[in-house]
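**Q** Put together the whole structure using the sequences plus the hints.
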Amino acid sequence: MTVAMDTVGAFERHRTSVYRWAYRVLGNHHDALDVTQDVFVTWWRVHRENDAPVNAVGWLRTVTINRAINLFKARAKTESVQIEPVANRPTDSGIDRELVAGAIAGLPEMQRAVLFAKIYDGCTFAEMAEQMGLAVSSVKTHYVRGLQAVRRSLAVAGVLKFEVGK
Amino acid sequence: MKCERVDEMLADYLGDELSSADRSSVDTHVAECTRCADEVGSLQAAVTALDVLDAGTFERPAHILPTRRSFRRQGFAYAATLMIGCYMGWAMKPTETENDVGPGVKGGVEIPSAGSLDGTSFANAKPPPDRFRRNAYRLIKAFSGGR
Chain D
1 MTVAMDTVGA FERHRTSVYR WAYRVLGNHH DALDVTQDVF VTWWRVHREN
51 DAPVNAVGWL RTVTINRAIN LFKARAKTES VQIEPVANRP TDSGIDRELV
101 AGAIAGLPEM QRAVLFAKIY DGCTFAEMAE QMGLAVSSVK THYVRGLQAV
151 RRSLAVAGVL KFEVGK
Chain X
1 MKCERVDEML ADYLGDELSS ADRSSVDTHV AECTRCADEV GSLQAAVTAL
51 DVLDAGTFER PAHILPTRRS FRRQGFAYAA TLMIGCYMGW AMKPTETEND
101 VGPGVKGGVE IPSAGSLDGT SFANAKPPPD RFRRNAYRLI KAFSGGR
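Line by line, the protein sequences give chains D and X. For the first sequence, the positions run 1 to 166 when the working numbering is used. For the second sequence, the positions run 1 to 147 when the working numbering is used.
Just so you know, these hints were derived from the structure itself, not from any lab. A few of these clues could be false.
Unchecked claim - Below, a list of computed lysine to any residue pairs in the SDA-like style, where the Cα atoms sit at most 25 Å apart:
| # | chain 1 | residue 1 | chain 2 | residue 2 |
| --- | --- | --- | --- | --- |
| 1 | D | K161 | X | V6 |
| 2 | D | K161 | X | G41 |
| 3 | D | K161 | D | R75 |
| 4 | X | K2 | X | V52 |
| 5 | X | K2 | X | E17 |
| 6 | D | K161 | X | D12 |
| 7 | D | K161 | X | Q44 |
| 8 | D | K73 | D | L134 |
| 9 | D | K73 | D | E109 |
| 10 | D | K161 | X | V52 |
| 11 | D | K161 | X | H29 |
**A** Next up, the structure:
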């Protein structure tokens, strides 16, 4: 199979997932489309000289989330996104997406990828271990540590009750 | 069950991958242990917070085609809109009286006014002469139970 065909095949199979991962971080249709395009261009550049990765989904998820997080950070910087004071934030519907996306942006890459795969894609720990080439116990550790880090960020921002020093 | 065992099972518990027996064992322990209740409860709150970014806020990309079901629904909606449009055009047309042709009669054919669209008088009325209005009339009549 040629590289072009391989890229087209990957695009057809995974474009919706890539778009969804990007959209979850960015919350914006056009930014998510930009990231989707960027990810598949990167796929083509990387794999025109090397073989396609054994696990395409894991590769695409990691690259997509990283690109989306970078764009999110750049956008936050240029738009000077300010986190509202706790008293002014809506309490019922809760937590705004900027805050959650910011918490995810602060996670190490593997924790981010594991949280996305588990919470948004509904993967089992065994499936993730296979996709990422890790032991199941490592995946579980990344999952719990990722959640603990998100909890810490949200507690610091005052939207989740938890004693940060614990 | 000890707290250490709950810690070991924490990922599976939060990720909903425990058997029901193990899950109820953890639940029993958490109900009695403040430390584990805090840990499990706050991590579950973090999972819930992450749902903010979930599919509820997801908008379908423009390049992804609607499903077959959507097509069927759209087709039905278009047909219904067309029927309603035909009916409105027919019903809102000035009556023959207004046109000084004669009350409800044109070319020897009785035309029901919008106000007479009730039960038998509508079902027994004859179709109007022009083709477009006649077809619309037949369609509406078929749906209203007339022949």
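**Q** Determine for every hint whether it applies to the structure shown.
**A** Structure-based check of all given hints:
no., hint, verdict
1, D:K161 / X:V6, "holds, 21 Å"
2, D:K161 / X:G41, "holds, 10 Å"
3, D:K161 / D:R75, "violated, 29 Å"
4, X:K2 / X:V52, "violated, 33 Å"
5, X:K2 / X:E17, "holds, 20 Å"
6, D:K161 / X:D12, "holds, 23 Å"
7, D:K161 / X:Q44, "holds, 12 Å"
8, D:K73 / D:L134, "violated, 28 Å"
9, D:K73 / D:E109, "holds, 15 Å"
10, D:K161 / X:V52, "holds, 17 Å"
11, D:K161 / X:H29, "holds, 22 Å"
Violation of the numbered hints given earlier is confined to hints 3, 4 and 8; the remaining hints are satisfied by the structure.
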